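Chains as they are written, first to last, in this note's numbering: chain W, 1 to 288; chain R, 1 to 311.
Keep in mind the hints are simulated off the structure, nothing from the lab. The reader is advised that the hints may include incorrect statements.
[What the hints assert, rightly or not] To list a few chain R residues with every Cβ distance to chain W over 10 Å, as calculated:
#: 1; residue: 82
#: 2; residue: 83
#: 3; residue: 88
#: 4; residue: 156
#: 5; residue: 221
#: 6; residue: 230
#: 7; residue: 245
#: 8; residue: 274
#: 9; residue: 304
#: 10; residue: 306
[Claimed, not checked] Here are the simulated distance ranges between beta carbons:
#: 11; chain 1: R; residue 1: 71; chain 2: W; residue 2: 55; range: 57 to 67 Å
#: 12; chain 1: W; residue 1: 184; chain 2: R; residue 2: 15; range: 48 to 58 Å
#: 13; chain 1: R; residue 1: 221; chain 2: W; residue 2: 188; range: 50 to 60 Å
#: 14; chain 1: R; residue 1: 18; chain 2: W; residue 2: 39; range: 44 to 54 Å
[Claimed, not checked] Not everything, but these chain W residues come out facing chain R in the computed CB check (under 8 Å):
#: 15; residue: 127
#: 16; residue: 131
#: 17; residue: 132
#: 18; residue: 134
#: 19; residue: 135
#: 20; residue: 139
#: 21; residue: 140
#: 22; residue: 182
#: 23; residue: 185
#: 24; residue: 228
#: 25; residue: 250
#: 26; residue: 261
#: 27; residue: 268
#: 28; residue: 269
Quantities reported herein were computed from a predicted structural model and do not represent experimental measurements. Just so it is clear, CB atoms sit at the ideal spot from N, CA and C, and this is done for glycine as well.
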Amino acid sequence: MNTVPKSGVPYGAQAPKVRRRRMNVSLLLGGATIIFWLIVALVGPMVAPHAPGQVVDLDVFSPASSTLPLGSDYLGRDVLSRMLIASRFTVSIALLATLLAATVGVFCGLLAASSGWVDAIFSKLFDTLSAVPSLMFGLVVIGSLGASIPVLVGTLATVYSPGAFRTSRALARNIAVLDFVTVARARGETLPYIVLREILPNLVGPLAADFGLRFVFVTLLLSGLSFLGLGVQPPNADLGALVRENIAGLGFGAAAVLVPTFAIASLTIGMNMVIDAVSGGRRAGGRR
Amino acid sequence: MIAKRVGGALLTLFLLSLVVFAMSLLMGGDAAEAMLGQNATPEALAGLRAAMHLDQPSWQRYLGWLGGLLRGDLGVSLITKLPVSTLLAPRLLASLQLAGLTAAVSVPLALFLGILAAVRRGSLLDRVISMATIGVVSVPEFVIATLMVLIFAVRLHWLPALSSSRDFSSLHDVVRVFTMPVICLACVVMAQMIRMTRAAVCDALDSSYVEAARLKGVPPRRLVLGHALPNAIGPIVNAVALSLSVLLGGVIVIEVIFNYPGVARLMVDAVSTRDLPLIQTVAMIFSAAYLMLVTSADIVAILCNPRLRHR
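So that you can see chain R by itself, here it is in the shape it has in the complex (with noise of 0.2 Å):
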């Protein structure tokens, strides 16, 4: 079971590399032209793309560039004429710390107020959760960071507006840095968590077995963390590899606000230089991961419930 399911991450996976690779098709073979601008003489032109392998048909490219890919080498970036293994280490430790840093901030805060929301049901705990949340999920990333900004960089002068700075000799500049990203990624992340752990935590609550167990006299802590979570803990781990997979689009917009050395700003900049062997490579990452998640969501799910483990 936990085989098939790596199996078919592995072909999206495959799949995922013909769409990334046919996308980067769209951009065309501009990169030559790009690169040599006003010297873009017909002569120049036709070295350069032998030189990139442009002038070969798509699917021998297509199949240089898995190889390639499988072997570990990215290719060099067309701009910068280093090697994209080069740019992409800096960039993607950048992007885990502020991926891991949310994470870690997120996941159990967010657990936690949707199992209180669930088993507070209809109080007036529950109805304010919820209409938070609601409100969170409903408005772009880009204006809680904005709002942010106003109020603690520009209104309080408390925290700096741009997080560019990679200097962190000290606990306090690494506060500075990562306070404002950090909490505007995990207002995203938590808002959805929250909303998925309470549906999952009231739909255990409602079933009939738990009903039981509160008529023969289960404490209502026991009743929560014994009966009713286990149940729910499949949803729930979905719900986390989900909101985590929003985590992958959202630091997009909060890297080019703050300014944030990421993946995602390499990427952002990639696009705009049309730096193909870059592109298809932040592609893939990012694609990967979400697999990844969903993957690792779908096995922990598995391992949870009997009834599938022993199948």
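Only chain W is shown next, with the shape it has when bound in the complex (with noise of 0.2 Å):
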């Protein structure tokens, strides 16, 4: 969160143009990151050379070629094809489960920030919520419901809704007490005006990077949930069920194991990079 600097010099007399330049790199290479990540989740599918369950080789984690430019898979099926199919299922569901924490997280937020006997009611229903351990409560929901896609983005929406609540609602108390927001009480505007033209503008930059960090924890969860063999069910894989199926290829260094398990990485590290920069590196990181 961008905070008026404080008074004093920085600490260390170099420092500012370090970051400065810094923050552009990690905020080129991370949004390059994400926009790749985004481009072969739309538009992946559609040109995979295979369809994602056709065994097209004889051979099990077979190497790089020309004719499959990623190896094969534990049943002989192109892993590049698979990848583009994964990728998509990763993305669209972190996206469509963040977006629903973040809406509802925030809704609540809003609201227990402008009401006091809301807010009580509300901020302990998230505390207990946010006191089951995310991979706990993943477990029970989908051992008891079934992996199903909408269960899974149900359940990871739950999981996160907490923290997008705290976070809308800590920034939106900070910001009620203002000045301006008084004045526009004081012209004896009403709450939803207030709540929506008044307090919520000011808070879409940190929300943004709250969206960011979000996404991030979801994508984690999902492919932890997913190795498991609780997250996308088979014929349909995410990058996290890619590395559970493909474990076995570990030990020959196989690309079917290493590729998702980089493309994780790369998505989840890239979007780290981007809030970062965004929120000029002082952001404390949490993993609930």
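Make one complex out of these two single chains by using the hints.
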């Protein structure tokens, strides 16, 4: 969050210059990575050379060749085609879940910031929800309702809405006591007007950073669930599921297991780099 | 103030028991069917449901369960017929060993690195540390674990890929069993702790009273340890508690990958067999552990801050 610079010179004389250069590099690199994965998720499946379930190679875990640019997987399927499909699943499920979590969280957060007793109830509710370890929550819910994509999106959104709630509530409360809000209130504006037109526009920046961060967490949890076999079910697969099914190829260093692993890492690292650069590298990260 | 925090935590714990019970209701009364399998005649099903109190209305079952929990009676596993406490005790011990070792390794190291990075802000060391921590925070636990298995077990043959052995006759065995799970968990936990510690110390170093102390000519070491650190303790303790709570989640994946016989694996197995009493108890233990961590962090932060202490 970009705060007003505090008094005094920065610690270390040449620090600002160095940081600005690094910011741009990481913004460029991270942004390019994110855009790359968005494009892959969008058009990837259309340009895939083979059907994702088609067995194209008699050899399993074969190395990269001119016909199979990323080799074959544990059943002799084309890794490239499966990667293209899997990244669409990972990106779209994570985006959807993050959107849902952010919408619910921000809505409740704004509501809580504007009314005392609503605040007490929502705070307690979301606190309780966030006290259940996320993977354990996913384990129980998906274990009982079955692993379908709507259940997956719902679970991920439920796990990460308390975080969005807490961030937006804290931000909104800070803004709600500022002078221009008091003025609006004195003008006799209605509560929806104050919340939507006076407070919300000031939250867009920090909330965008929070959204990116939450996208990273959702992606990580989704991959973790898929890795445990509770995520996207065969014949479909997301990146975590690809790692799971090809884990036997680890001993040979097969591309089938290494490529999805690095794909997850690049997606989340890229997002983190963008957020770090935008929020000035002062954000305290936490994984919940 | 402290009493209020503890009271709040207890209230949350009570609400949690409702959530946990509701979650287990989602799983339905299938346990009786699952147990009988092919022998599920309607009469046998009804009899077993009555024996397991599955025929009572849910609020009655909830009260019965809560009462038992408060008396220390955790119920009987539906699948193995053993008391949950008997099943749980050795697993809990094993998980605590793993978590305790990880905390003992990671907390001091993370605090040291975080403070170092904050003091040398903008230096090469700081940039290396922050790049490394971003990298580790962004990567799922199972990726770190698989890479470690690839390097140390498959390629170098230094360590066993599984940690299921419970034979601790010599130090050598202990090291062989714990090294990889502990390093994996420590990586994940440390990365966040370093980031948050650095941010907290940076904030303290930027404040005007530290500036004044620096102008007064306080030597750098005293400046950091005597002036900046005491004010950063609140956020740091919070960071430690939050990171250790991540340990609770990370332990699930790590225990599954390394086949480590801890509570989390018990939970994964219980979910697949729909063993309700077991699931409820483990979920409560994990949630209570999280609450305990967060509440004690709150209390330490209050004790460390005179402004809060004397209110």
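Practice task
Kindly indicate which numbered hints from before are broken by the structure, ordering the numbers from low to high.
Solution key: Numbers 7, 8, 12, 22, 23 - these are the hints that the structure violates, sorted from lowest upward.
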